[in-house]
Amino acid sequence: MTDIDYAALAREAGLERVGARPSLPSYLKEMWQRRHFATRLAKYQIEASLAQNRLGLAWVVLNPLLQAAVYGLVFGVIMDRSSRAGVNFIPFLVSGFFVFHFFGRSFSQGAKAITGNASLVRSLGFPRMLLPVSAVVREIYELVPMMGVLAVILIGFGELPTWRWLLVPFILALMTLFNTGVALIAARLTVHLRDVTQIIPVVTRLLMYMTGIFYSIEEVLADNPPWMLTLAQLNPVHDYIQMVRTCVLEGQTVNSLIVITAFVAAVVFFIAGIVFFWSAEERYGRD
Amino acid sequence: MTEPRNPTVVVDNLHVDYKTFASGKAAADRRSLMSRQRGIRIVHALKGVSFVAHEGESIGVIGHNGSGKSTLMRTIAGLIQPAKGAVYGASRPALLGVNAALINGLTGEKNVMLGGLALGMSPEEVDARRDEIIEFSGIREFIDLPMKAYSSGMAARLRFSIAISREHQVLLVDEALAVGDKAFREKSEQRIRDLREQAGTVFLVSHSMRSILDTCTRVLWIDHGTLRMDGDPHDVIDAYKKSK
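Chains A and B are the protein sequences, given in the same order.
Using the working numbering, read the first sequence as starting at 1 and increasing by one per residue.
Using the working numbering, read the second sequence as starting at 1 and increasing by one per residue.
Treat the hints loosely; a few may be bogus.
[Claimed, not checked] Here are the simulated DSS-like cross-link-like pairs (lysine-lysine), alpha carbons at most 27 angstroms apart as the crow flies:
no., chain 1, residue 1, chain 2, residue 2
1, A, Lys112, B, Lys148
2, B, Lys187, B, Lys148
3, A, Lys112, A, Lys43
4, B, Lys244, B, Lys47
5, B, Lys242, B, Lys187
6, B, Lys84, B, Lys47
7, A, Lys112, B, Lys19
8, A, Lys43, B, Lys148
9, B, Lys182, B, Lys47
[What the hints assert, rightly or not] Here are the computed distance ranges between Cβ atoms for each label pair:
no., chain 1, residue 1, chain 2, residue 2, range
10, B, Arg5, A, Pro201, 50 to 60 angstroms
11, B, Pro123, A, Ser119, 19 to 29 angstroms
12, B, Glu141, A, Tyr141, 29 to 39 angstroms
13, B, Ser122, A, Pro201, 34 to 44 angstroms
14, A, Phe276, B, Ala239, 41 to 51 angstroms
15, A, Ser119, B, Asp127, 40 to 50 angstroms
16, B, Ser152, A, Val220, 55 to 65 angstroms
17, A, Pro22, B, His224, 27 to 37 angstroms
18, B, Ser122, A, Arg21, 20 to 30 angstroms
19, A, Arg35, B, Ser152, 42 to 52 angstroms
20, A, Thr197, B, Arg191, 35 to 45 angstroms
21, A, Pro201, B, Asp127, 35 to 45 angstroms
22, A, Arg283, B, Ala239, 30 to 40 angstroms
23, B, His224, A, Ala7, 18 to 28 angstroms
Quick caveat, the hints were computed from the structure, so don't treat them as lab data.
For glycine and all other residues, C-beta sits at the position ideal for the given N, C-alpha and C.
Just chain B, same shape as in the assembly (with noise of 0.2 angstroms):
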């Protein structure tokens, strides 16, 4: 088998799941997890998914809430320690999600400082990019406030731009662009796609099919845990929209 392009993400059998606290009926229902603690349930989030992502691809991730696509990505993104099977990627792919946490309290521009840092900048590449990235979120003139005070869709704005402003060879979008007025959103996927043109690969979770249909080159459809269907964008999404 010969590819043409350079794989950057390779996902071999992944299998994830998540300790939880039930309580009711579903702590009451597995008696055999009582002996050990009360209450503790596991949850298989994903149950054997594999792909492999090539350089330039740009994926998106579809399927219903709670099938997995989420926790895909921040296994991709190796902050969960899958079960079994494995991730490999060239470099640490990069999650740009729109919960990414800043401190509230402080002002947008600290978390600017802050963000960068996180993401591995040091301070002097941080204040150098911080004009670029002030500029990009659109909403200097708030910039001195704190982060408390800004709308939901000012805060996703500044968190995305501050994830941006990195370059990543493999960047994970966790439903960012459905956040943002038009304009924002416009402006996120041209950078996406120039991404795409650095020899990246961008993956992309939404539930917004025209989002998809415009950034992406590939689809994959998570559905319950498993890797349902992976292929065109068209295909895909036909088959997703039947399945409801």
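The shape of chain A in the complex, shown without the other chains (with noise of 0.2 angstroms):
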């Protein structure tokens, strides 16, 4: 090797390690800078996905519209009633399963996020973090059709509008700070073990059968040991999707389990994730 100092002939020239990962704040400040790169990203992506089709930005809601649609065949029209007794079925299916549909995609986009964009990771030098942050703003702009599709379901099956749907978005806007820190760690992860890509639709299809899309855990596990429900309860998504019902559908409660499980895991989650996500900042190019 040779004898020249380097490091010493860099920091006497004033040069920074390159690469090197910055501090939190300023490593935010950066992605605020760049906050409209995630924003563009987003919605060029949902053009790109749908641009192909004959019935274009249609399919943002019609999708999720036709899951609902077999969940609702299956479970509302072929199996029994006892487990959703005294709720209007279909608006209690479309709020659940539209809000679920928010969870699930921004965790399985969340988690493809640096993975599924390498070629851009390898050739651009940004802020990692934008990357999921933009797959979890995708889910917002195709969630707001969403929700005024549902807004019409509501009403059309007289669940009439009450001053409590202005809370709804309030609601969604604590799910997805709880989004965002599921999808930075699902990204993460993703990065160090890509097999996390072959469990996550399997633990998706777990929480969304734990969640109540399609029955009520409230009435299910009315008659069973309540630590059953406290456990069932304990499940942020649930908590979100039993917020938002309880504003839009008549007869749907809450709890202060709910409400207070909701904010905690929102904060832990976010703030969670961005530490996460951040710490291994350095090694998103290498894989």
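Two chains, two separate frames, one set of hints: put the complex together.
Structure representation (structure tokens):
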């Protein structure tokens, strides 16, 4: 090797190590400066994914609506109705499924955010967190028309608007914090271990059945020991859905456990996700 | 040791390795690694490269396929974390690669916006430079078509134009001059010379010895992950040609 002290030479010239992870505040500041990249990427990706279809942007709403229809057919028509006595089933199903869809897509798209954009990550230097955030932004863009359709369905099935509908955006904002945290954690885990992508659909499916999209958890577990219901209500996804349902449907209620879990999960996952993702910032271009 | 010019990039004993999945014979070769995970194999792409680049230099990087040139560029740009050693730079060096990603299903114009934003410009700045970028690429009549309809040369020209639209103190160009027709190549070479005069440093990876001789003031020869030779373009290229 040579006997030149390169590190000292660099220090003298005032050069900094390239690719070093910035401190968290300056990282977030750079994120904010480049936020337009995340929002445009989200918007363009929706356009690009739908440009080939005849019905174009209508699929943003049609796809989850058709999926909800399948579950409605299986659980609403074929199976017996004791699991949701006294529930206005169609609005119950659609509100639950649309809100769950927001979570499920943020989770799966967030997980693919780094590995699926490998060529972008390999060729340009920008805060990597923009990619999973962009994935969540994309889901927010898709959620807006879905909520519009939900409003139409609610009114069509006799659930008339009340002032409580105005709370829904705040609940969804809280859920967005939670989803972002989950997306960031999933994005980093996928980089370390590709196998995570194989597990995510299973986890999402499990969460969906545990969340009570097409049955009421509160009804089904009414005769079981109370700890089972408490456990089910510690699932934040269920809590956001239950809070939305309480706002838009007659006869749905929340308790303090649901509300507290929803707030705590949002804050904890959001902060943990940011720190967890940021601490591996230097490693994302590697594999 | 006193340098007449300011260093812009210092590369200090750089080692880079890749973890990759091998199968067949390559996987069976390494018994010790099988205990961890079958078929994982470590490839040492760079084995201790050191040099100092200065303001106003235009440095050609040559070597055979697989010698580690592109890895070196990506590591200087901070896109790969070195296993050992470090790269120091005044600002984050910008890498301009042929396969810089843009979204294929979108029109050229939207890709200009996205590429500009990815480089750290604001939407207003991209709007202001859009005409200049499109003009430089010379594909104005196709700018409203999706990029997948472009020929590989057209797409590469657009990417080059986007990347070059912003002033970079250190610019890394990876094989980009190999694409495009003669007129576009001359235009890009001129642009690279201009950039160098703005007290920047340019690295150019190419297999075209002619474009290296035309644009570079210094040449690094990378061979099997080590720096084989570093010096005057004519000397290094002569030695490189003889080795073949």
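* Unsatisfied constraints (hint numbers, rising) -> 5, 9, 15 and 19
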